[in-house]
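Residue numbers (the numbering used here), protein chains in the order written: chain A, -12 to 99; chain B, -13 to 252.
None of these hints come from the bench; they were simulated from the model. In this text, a Cβ means the ideal position worked out from N, Cα and C, and glycines have one as well. Be aware that a few hints might be false.
Just a sample of chain A residues kept apart from chain B, beta carbon distances all over 10 Å, derived [to be verified]: (1) GLY2; (2) GLN18; (3) GLY32; (4) ALA50; (5) SER61; (6) ALA69.
Covered stretches of chain B, going by a simulated chain A footprint (3 or more residues, C-beta under 8 Å) [unchecked claim]: (7) 166 to 177; (8) 188 to 201.
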Amino acid sequence: MSDSENACISEDLGGYVLVRVCGEVDLSWSQQVRDAILAALGNSGVGVELARVTYIDSSGIAALVEGFQRARSSGRRYGLIAASRQVLAVLQLARLDKVFPMFADVEAARAT
Amino acid sequence: MNVTAPLIEVEKLEAWYGRRRILNGVDFAVNPGEIRVIMGGSGSGKSTLLRHLLGLHKPRSGTVRLLGVDIARASERQMLDVRRQIGVSFQGGALLTSLSVGDNVALPLREHTNLDEATIRIMSRLKLEVVNLGGFQDLMPAQLSGGMIKRTALARAIAMDPKLLFFDEPSAGLDPVVSAELDELILRLRDALRMTIVVVTHELESAFKIADTITVLDQGDILMTGTVDAVRHSDNERIQDLLNRRPREIQVDADAYLKRLTEEAA
Chain A
-12 MSDSENACIS EDLGGYVLVR VCGEVDLSWS QQVRDAILAA LGNSGVGVEL ARVTYIDSSG
48 IAALVEGFQR ARSSGRRYGL IAASRQVLAV LQLARLDKVF PMFADVEAAR AT
Chain B
-13 MNVTAPLIEV EKLEAWYGRR RILNGVDFAV NPGEIRVIMG GSGSGKSTLL RHLLGLHKPR
47 SGTVRLLGVD IARASERQML DVRRQIGVSF QGGALLTSLS VGDNVALPLR EHTNLDEATI
107 RIMSRLKLEV VNLGGFQDLM PAQLSGGMIK RTALARAIAM DPKLLFFDEP SAGLDPVVSA
167 ELDELILRLR DALRMTIVVV THELESAFKI ADTITVLDQG DILMTGTVDA VRHSDNERIQ
227 DLLNRRPREI QVDADAYLKR LTEEAA
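So that you can see chain A by itself, here it is in the shape it has in the complex:
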């Protein structure tokens, strides 16, 4: 998957699903990201990797929030991994960087 294309791919790491998101997450396809995150939370902890997200709007942020809320209510691990500068800027705008568990890499996220 190239940096420019929009994609959301889930990888089962055994008891932990890594959802890799790439491209510009906006209203046109953020519901796919939401669906992928919620589906991954079905039976495991989830990390959402955002290193190659070049833009995210509030519908994309809403998908991340809903996933976190769902994970908390079902007692599952959840975290944002390697959030890009662009993602961080939007999270900071709403002070959500202080709300989400944030990790530098998938190993750190799985270790929690």
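Once you've looked at the hints, dock chain B against the given chain A.
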């Protein structure tokens, strides 16, 4: 549309109210990612220019292109598409008084998207957090202070993450701290959400803090468009009058004045 093309292009725009010409062939362009401040005194034409930029008035003469669309020739569908990509924070707020704060902010999302209600709730409350009104979603507009109304209006204006945000007089009627917070927020919105922002204001301090470029309007003419430094150091006497709050000498056209006073159909 070319992504580097201006999001707003105005050419030779004229506007009239009755016999009074309000804009005298204005040329104006705003590029993606830019924060443009339109400055001018009362009667300068800045509100009229804003109404044309919003597509609320069709130009009598000249063209206004918004996001590449000539608004005088646009179909209803094209205008709807343009309106989905712009947000407007009106000076008085223009909140719907029968709706709660949360429902006011969620309104554009409910009108223009098919998102599920959980996503709409999160998105609209997120915008309230951004404007420091987190948790106030159940209040009614009548319960809000002036600053809260202004911030709610801004939250609604950015509900759809617009490409282009118009902000009419963000500082008017606010205390200096809230005003400074709004200025800071405008800068952060541009940086985080890549918004292009047009602010109409007569508050010099605010204009100098947030603007990449300033357009100075006076009596229907653009005196200059330039950087903050260029405007500050302009040798244009009228601009210096504005910056130094010197009252203007109003020119009187005796014929036009008498006609306005005496003619039935003036």
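*Going back to the hint list, which numbers does this structure go against?*
Violated hints: 2, 4, 8; rest satisfied.
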